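Make the full structure from the sequences, and use the hints.
Counting in numbering that gives the first Met the number 0, the sequence shown runs without a single skipped number right up to 91 at its last residue.
Think of the hints as simulated: they come from the structure by calculation, not from any bench.
No experiment lies behind these values; they were computed from the predicted model shown.
Worth double-checking, as some hints may not be accurate.
[To be verified] Cross-link-like lysine-lysine pairs, in silico, PhoX-like; alpha carbons within 25 Å at most: (1) Lys84 / Lys11; (2) Lys6 / Lys87; (3) Lys12 / Lys87; (4) Lys11 / Lys87; (5) Lys84 / Lys12; (6) Lys84 / Lys6.
[Said to hold, decoys possible] What follows is a list of derived Cβ distance ranges for each label pair: (7) Leu63 / Ile86: 32 to 38 Å; (8) Ile86 / Ile41: 32 to 38 Å; (9) Trp66 / Thr89: 31 to 37 Å; (10) Leu42 / Gln88: 37 to 43 Å.
Note that beta-carbon positions come from the ideal geometry of N, C-alpha and C, so glycine has one too.
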Amino acid sequence: METLLRKFMSNKKTNFLLLFIFFSTGFGMYLGRFLRFNSWDILQHPDMLLLNIWDILISPTQHLEAWAFTCCFGAFLGLSYYVIKSIKQTNL
Numbered sequence: 000m001e002t003l004l005r006k007f008m009s010n011k012k013t014n015f016l017l018l019f020i021f022f023s024t025g026f027g028m029y030l031g032r033f034l035r036f037n038s039w040d041i042l043q044h045p046d047m048l049l050l051n052i053w054d055i056l057i058s059p060t061q062h063l064e065a066w067a068f069t070c071c072f073g074a075f076l077g078l079s080y081y082v083i084k085s086i087k088q089t090n091l
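As structure tokens, then:
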């Protein structure tokens with residue numbers, strides 16, 4: 000996917016998009032693991048899902064667990080991605 004993105008976008012934009020994807024995935028993991036949302040809730044209960052997301056975004060101090068999990072898991076994903084990528088490039 001990264002190779003495809005780099006064909007159409009600059010390196011800076013691609014890196015930013017990858018970072019966004021890592022942390023969005025972390026936030027999605029938080030929504031599913033702790034708030035118990037599933038993928039079909041976007042269709043069945045979009046109002047409840049969007050209200051929860053909005054509440055987390057506008058009042059981060061009241062949702063420190065959400066932000067901590069999102070940041071930690073996003074960092075873990077990014078670190079894992081770049082470690083695996085560097086191992087692949089060095090052919091270890």
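Hint check results:
The suggested pairing of Lys84 with Lys11 holds, with an alpha-carbon distance near 17 Å, which does not exceed 25 Å. For a cut-off of 25 Å, the pair hint linking Lys6 to Lys87 stands: about 20 Å separates their Cα positions. Among the hinted pairs, Lys12 with Lys87 is consistent with the structure: their alpha-carbon atoms are about 23 Å apart, no more than 25 Å. A distance of roughly 22 Å separates the Cα atoms of Lys11 and Lys87; the hinted pair therefore holds under the 25 Å criterion.
Simply put, Lys84 and Lys12 have alpha-carbon atoms about 18 Å apart, close enough for the 25 Å limit, and the pair holds. Taking the CA atoms of Lys84 and Lys6, the gap is about 18 Å. The hint holds against a cut of 25 Å. A hinted range of 32 to 38 Å for the beta carbons of Leu63 and Ile86 is consistent with their spacing of about 34 Å. Checked against the hint of 32 to 38 Å, the pair Ile86 and Ile41 passes, with Cβ atoms roughly 35 Å apart.
A C-beta distance of roughly 34 Å is found between Trp66 and Thr89, which places it inside the suggested range of 31 to 37 Å. Leu42 and Gln88 have their C-beta atoms about 40 Å apart, which keeps the hinted 37 to 43 Å range intact.
Checked against the numbered hints given earlier, the structure satisfies every one of them.
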